[in-house]
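Trainee: The primary structure of each chain is shown beneath.
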Amino acid sequence: MWLLTEPVGLSHYLIVGAIMFVSGAVCMATKRNALGVLMGIELVLNGANINFVAFGSDFLSRNPSYGIGLDGQVIAIFVIVLAAAEAAVALAIVLNFYNNYSTVDVDQADELKG
Amino acid sequence: MESSIPILLGAAWLLPLVSFALILFFGPRMGKAGKGASYVAIGAILTGFVLSLIALIQWSQAPEGQRPLTDNWYTLAEFGSLQLTIGYYIDTLTVIMFTMVTLIASCIHFYAVGYMHEELHDVTDHEVTLSDGSHLTRPGRFHRFFQYLSLFCFSMLGIVISGNIAMTFVFWELVGICSYFLIGFYIERKSASTAANKAFIVNRVGDMGMIIGLMVLFTTLGTFNFGDIEDSEGNKTAGIFAQVRPETGHADEKHGGESDHAAVGNQQFILTGGGAPSGEGSEDHHGHAAPALIVPDGMVKAAARDRIAAGEEPNEANIEKWRGEGLGHGLLIVAGLGIFCGCMGKSAQFPLHVWLPDAMEGPTPVSALVHSATMVAAGVFLAGRFYPVFTVEVLLVIAVIGCITLFMAATIAITATDIKRVLAYSTLSQLGYMMFALGVGGWVAGMLHLITHAFFKSLLFMCSGSVIHAVHSNEMTDMGGLLKKMPITAWTMFIGCLAIIGAGVPLVLNLGFSGFYSKDAILAQALSFATQSDNGIYRLMFFVAAAGASITAFYMFRLWFMTFLGKPRDEHRYEHAHESPKVMTYPLLVLSFFAIFVATPSFTDFFNNSSAPLTGALEEVHPVGSHTAHSPLLAAKGEPAMIIPPEHESHVGMIESMGMSIHAVAGVIAISTAMGGLLLACCLYWWKVINPAEVRDMFKPIYRFLLGKWWFDELYDKTFVKPTFFLSRLIAGTDKNIIDRLIDNIAAGTRWFCTGFDTWIDRLFVDGLVNWVARKTYAVGLALRAVQTGKIRQYIVLIVVCTVALFLLATFGFAG
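Taken in sequence, the protein lines are chains A and B. Each residue of the first sequence is one higher than the one before, starting from 1 at the first, in the working numbering. Each residue of the second sequence is one higher than the one before, starting from 1 at the first, in the working numbering.
Simulated from the structure, these hints should not be mistaken for lab results. Owing to the predicted nature of the structure, the values given are computational and were not obtained by experimental measurement. Any given hint could turn out to be false.
[Stated by the list, open to error] Some chain A residues judged to face chain B by a derived CB distance under 8 Å, without partners named:
1) Ala29
2) Val37
3) Asp107
4) Asp110
5) Leu112
[Unchecked claim] With a cut-off of at most 16 Å between alpha-carbon atoms, the simulated EDC-like pairs for lysine to aspartate or glutamate come out as follows:
6) B:Lys791 - A:Glu111
7) B:Lys190 - B:Glu127
8) B:Lys791 - A:Asp110
9) B:Lys791 - A:Asp105
10) B:Lys791 - A:Asp107
11) B:Lys32 - B:Asp122
The beta-carbon is built from N, C-alpha and C at its ideal position, and this holds for glycine as well.
Throw the hints in and build the complete structure from the sequences for me.
Mentor: As structure tokens, then:
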């Protein structure tokens with residue numbers, strides 16, 4: 001199966017979602033800057049959102065009765081709201097961290113290590 | 001015709017039980033200080049007496065009055081073939097005994113109201129000293145006394161009415177426990193509680209034998225019943241008597257021909273000819289043989305069990321053959337001796353006589369009851385009831401024991417100074433007479449003496465109680481000259497004394513006090529027995545009995561003279577003495593009437609009999625005609641056959657060498673020995689011709705021997721009590737020093753071991769496991785600690801890697 005020759009369908013969305021997810025994960029794993037990590041988180045969440053939306057779309061589903069329907073969209077919105085809330089909290093932490101340590105390097109934040 | 005007699009007697013029997021139960025539950029609340037209890041008890045026993053009297057009159061008039069009535073009222077329990085029942089066996093003896101017991105008990109109840117009046121309020125017992133030197137003061141026990149009296153009467157009547165030997169045994173023990181309660185009525189006194197224990201324990205010795213007898217009877221005969229019991233389908237189960245003396249087939253050869261029992265049919269063998277409806281039989285009730293005693297089939301089989309096991313068929317012919325060989329005879333002897341052993345304990349026969357004198361610790365009404373109508377009478381009664389089962393060997397034992405008892409007790413009574421003890425020994429002696437009479441074949445004589453003795457002995461005891469009540473002392477040495485102070489007591493007691501010594505005019509008039517007839521009959525029978533066989537011992541027994549009569553007269557009048565005549569020995573006591581209240585003297589008068597007349601011949605044809613109504617009535621039921629010893633035991637020893645003559649012989653028999661009838665000789669001997677004793681007593685204690693003190697000094701060793709009561713108490717103390725104590729101390733010592741110590745040591749060892757082992761197990765396994773888990777958990781924690789690096793990027797990588805791994809696992813690991 002050669003995707004580029006196919007008409008745009010579910011698989012394409014899933015691939016895009018997967019790429020976004022992996023990019024986000026890699027970003028989280030590699031960035032030492034806390035803000036970078038937060039961005040990676042956004043990527044991961046939105047990669048997942050794409051999946052939800054894709055699964056919820058009647059157009060993309062070959063057999064609409066197997067899709068998750070409107071629920072996909074609702075969950076996606078839910079995730080966006082969560083991401084916003086999470087970003088707010090995380091940014092507050094980062095800001096505090098910066099106040100105390102004058103840096104946003106996550107590697108410096110290892111006081112809780114075992 | 002369904003007779004109402006069993007119902008009458010049953011009611012008379014149960015009434016005292018009702019009274020007992022009522023007093024038991026409501027006694028203290030009955031009237032002031034429980035005085036109402038006496039009314040309840042008296043009401044019960046008096047109604048009982050009236051019912052018994054009605055029964056007696058019915059019995060004497062009913063045509064079937066001759067025939068014992070027997071049936072079961074109630075089955076207590078059945079274990080296999082063993083039936084424990086409450087039943088009745090009523091013959092003339094039962095009815096007479098019922099009337100006698102209830103009459104005497106009624107008198108004693110009335111008397112006790114007066115005698116026990118001190119118990120109505122708090123009592124200070126001057127014989128009990130407490131540790132602080134004061135005397136014990138306790139609440140009165142008036143109601144309790146009457147409660148026990150009622151139970152006592154109930155138990156005694158139970159023995160009399162009982163239809164089987166197992167029921168007899170139950171009431172036997174009840175009588176025992178009642179005597180225990182009553183002898184120990186002043187339980188705080190050491191002497192009273194000891195005496196109660198003694199009475200109870202000595203009786204146990206006799207009961208041991210009785211149980212053996214019961215076991216033999218039951219295992220071999222398979223029944224406890226005296227008479228034949230007919231069940232609802234009309235099947236008859238032969239009772240003990242019928243098995244021992246069956247109607248047909250085994251009649252003694254000597255009398256077989258003249259036995260007219262075929263005419264009586266299957267009715268009670270216990271009848272002699274007198275009971276037969278056939279005309280000529282009723283004229284002469286003597287001389288007919290009762291069915292001879294045979295060893296019952298059951299006993300023969302039990303004795304021949306080895307042969308049966310060896311394959312011999314226990315059929316009729318074989319049983320007959322074995323019987324001929326004497327098999328089972330031993331069992332019959334054991335049964336008889338066992339039952340007699342019980343009688344020996346209850347009737348205080350030598351060698352179990354020691355409890356009776358000590359029983360004087362109880363209140364005097366109890367002594368009167370115990371010595372006349374209940375306890376000791378029970379033993380003689382049972383011996384009389386069981387008479388058909390006694391073999392001649394057993395009878396010989398009974399005669400010898402009775403003879404020893406009568407002589408020994410009479411001699412001890414000579415030296416006793418306690419007024420009640422003199423009477424107690426005289427009771428012993430008279431009981432000896434009864435047993436002796438039974439032993440020599442004088443069933444009627446023995447039973448007659450039982451009844452006459454009950455009257456005059458209760459009279460004597462109640463008189464002595466009246467005296468004690470007046471002078472507050474038991475010792476005759478504190479009395480004297482009381483005739484003026486208490487004439488009724490003195491003269492009624494005089495009557496009692498005359499009755500007990502058997503005063504009367506023999507030969508021509510043949511009239512006398514009640515004791516005259518019974519003692520006369522006993523001596524006549526003894527003489528008849530002695531003349532039958534050429535054996536010195538048998539003759540000696542007659543002379544001992546005659547000598548006993550003389551001693552009886554001596555000590556009875558010694559008692560009377562010392563108490564009522566002469567100068568007062570204790571002025572202070574004499575001044576305070578007074579005649580007893582009417583409630584005490586009236587019973588004395590009633591009893592003295594009976595003491596005189598109970599055995600007197602009457603001219604009315606009361607029992608269709610020419611002799612005394614009582615004697616006649618007894619003669620009609622007397623169970624045994626004659627015994628001739630075919631005893632294998634005696635024969636093996638080369639002894640001459642022992643012949644027990646029928647009682648009839650003692651009336652008509654002659655002594656050839658003297659040319660006089662046995663009865664006349666015996667009568668003359670009896671009265672002359674008695675008068676001799678009386679004369680001696682007069683010489684010593686009334687006319688004071690001879691000084692008793694000098695006589696005492698002259699026979700010092702004998703006097704001391706008698707004063708020491710033949711040293712039986714000491715003998716038993718040395719032979720039984722001390723060794724028992726020694727043994728018990730030994731066993732207690734073993735228990736304490738060896739067994740207890742061993743157990744203590746084992747316990748200590750176990751404790752020690754357990755403590756160690758427990759600690760070890762705890763430390764090693766329980767603690768060890770817990771610690772191990774803790775250590776491991778700690779190690780794991782320590783190992784996992786390295787994982788938490790605090791590097792967020794590592795975590796993320798870890799999450800990713802783990803997620804991928806989970807996916808891979810889910811895809812390839814579980815998918816298949």
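Trainee: So, against the hints stated earlier in the document, which numbers end up violated here?
Mentor: none
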